[in-house]
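Engineer: Required output: the full structure, derived from the provided sequences and hints.
Listed in order, the protein sequences are those of chains A and B. Residue numbers for the first sequence follow our numbering, beginning at 1 and rising by one. Residue numbers for the second sequence follow our numbering, beginning at 1001 and rising by one.
Hint data in this document are derived by calculation from the structure and do not stem from the laboratory. Yeah, the Cβ is synthetic: ideal placement off N, Cα and C, and Gly gets one too. Each hint should be verified, as a subset may be incorrect.
Derived lysine-lysine pairs resembling DSSO-like cross-links, with alpha carbons at most 27 Å apart [said to hold, decoys possible]:
| hint | chain 1 | residue 1 | chain 2 | residue 2 |
| --- | --- | --- | --- | --- |
| 1 | A | Lys172 | B | Lys1342 |
| 2 | A | Lys88 | B | Lys1131 |
| 3 | A | Lys186 | A | Lys246 |
| 4 | B | Lys1264 | A | Lys112 |
Simulated restraints on C-beta separations [as the list claims (entries may be wrong)]:
| hint | chain 1 | residue 1 | chain 2 | residue 2 | range |
| --- | --- | --- | --- | --- | --- |
| 5 | B | Phe1412 | A | Asp54 | 18 to 26 Å |
| 6 | A | Lys32 | B | Ile1344 | 37 to 45 Å |
| 7 | B | Lys1418 | A | Thr252 | 48 to 56 Å |
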Amino acid sequence: MFTKSLSLSVLLLVFLLNAQAENLDVQQFMIKSDASTKVLDAKSELTMILENEDNQQRIRKLTAFTKLKNDGVSNQRILRFLAPADIKGTVTLLIEQTDQDDDMWIYLPSLKKTRRLVSDNKRDSFVGSDLTFGDLIGHKPSEWNSTLQKEDTFEGKPVYVIESLPKDESVKTHTGYSKRLILIDKQNAVALKTDYWDESGQFLKTIQVSDVRLVDVDRSKYQFMDLNAQNHQNHHKTSLHFDNYKVNQNLTDSLFTPTALEKE
Amino acid sequence: MLSCLFLRFYIFLTLITVPHLATAESDLWQVDGKLELGAWSSNRSLNKINEGIFPATLALKGKVNVTDDLHLYADGRVGHPDYFADKNSFGVAREVYLDYNLNSADIRIGKQLLAWGRADRINPTDSLTSKDYRWLAPEEEDARFGNTGIRYAQHLGNYTASSVWLPYMSSSRIPLTPQYVSQVAIQQPNINDNFAIKLDRTGEAIDSSLSFYSGIDTMPSLEINSTTPYALSNHRIQRYGGDMAWAFSSYTLRTELAYTHTGKSTEFSGEKYDYFQGVIGLERQFANSFNVIVQTVYQSALGWRGYQSWSTPQQQQLMQIQQIINQQPVQDYFGIAYRVSKKILNDDLELEYSGLGLTSNQGFLMRPRLRYQINDESSFVLGGDYYNGSDNTIFGRLRDISTVFVEFNYAFGLSSSKF
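Structural biologist: Next up, the structure:
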């Protein structure tokens, strides 16, 4: 009797979960996922380790500042390199725009100038890493058609497996991706793992995050402390580790301007 | 000179009187160094030395965080022009300045490098930097050095208004053929009221600026001198300029224009003719870090006279060389400048090919570069400069400094937290 009841309960639970999945508004969930890591503002220290297939490593130290724009949706991000010497002093400013191309600038200390970057730079490697400028700014949910593939578990967490395809050729060209397969934590909507396919449809890379922390309890915002990216085509790897991640620092808007990049 | 001494004294006084407060940055001071060992087939001095040059330079950059808002910067080089030759070593300070950040303004005092212009490498509005065109370095930016004065920048939303006063400016140093070296007196600029203003706007797809400069032309002119046959002098100019960078889709449109009023006094005086210079070009970003920049350059000299119109051979010879040094050998010329670059191996290897070709048979320049980052500390650059043109053109005169080179670099960093 007990076994029969348990079986019925499990069946009911599976049915309810399926019903939940069928009712899931994937587009809305993608927007929720995009917002899940967008804090009001934050500053942190980053260590980026690049490793080639011969296991040779290059280590880069950065400071990062982010701030949400007044629209509450778009992010602004400054990344300032502290080491090694060949890249020290280089600063990038990435400003997400909702209704137009994102703005990107780079300050090169050797030139003593800030250069505006074209939006196609979004598909380019960020300082030789396996992350693109676009990965750092974030991919706008509105530019992708997302569909739920299945539900699964990933490292013990229930996840939605969502496939995102670029809405048009322009998005594909600007990002360099023809498909993304994203595993998103059902509970906090944080993307835990993403597989990427390049423009020609070849499997390109995987980005996986870990040590996800609730960094702003009031606004339910999360941040991962570790990121690992692996390029499956050239076998290059990038790991990113956050230290001293602090939110709600009252960062001023003037910090996120091209002229501020020149303050070495 | 007095103004310069005053500024140096002011910086020294500020440093010793400002208390060394705790700073938010972890390091009170940082020093970054780069050892550069090169092998060049020719120098850039037009003195016909082309049997191999081996310069060694230690470039040092330092920063002291005096307080959270007050920082001292220094950038200098020491080295030897050829470590296999019996020559004097050198030392030069490119920049030494204090930077004070207020909420919406910055004040910078001291010797500083203020690079203006949004076009790629050819910048008609770049009035405030001086260059040593003889400097042996793979990157032409390294040939720049700062001038001494004060810059105040006020930030107002998307706008920044800058005002600059540079009481002490240096002349750019240019290569001279041996026949002129002994006959030319190099006169130090003695104009102290060099000032500039600029209004910058950034954001929303377009960055732009308008600027005005009144002061010495850092590029010297050749003229007849009373004691030596010739002199290199820097004359006063007024320059009105503007620039713009507009990013759209896969392109960035870059344009930069300037009109320069020289106040040329007499036909034989060394000032340039008033001139207009413009650069307009497109930058295209292709997949996989492949970048192409193509720019059109145009210059027009107003009231220009060809050297042939002078009556005597001596006058003609002087005017011809004067017009080449002044970069006005013809009244109008167009040029095409280009830069193609590709990064591979996760940015460890960069290939670049750049150049400039001028119409009116004014010759051309080509500059290939290969940069390879061996590890975090070590890298090397392999490259060359190739100038060509007929004898009486700018690039033709520079044919003898065409060169190939390799430079090995070792970079290191020190900071207070490491001690």
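Engineer: So which hints don't hold here, by number, going up?
Structural biologist: 4, 7
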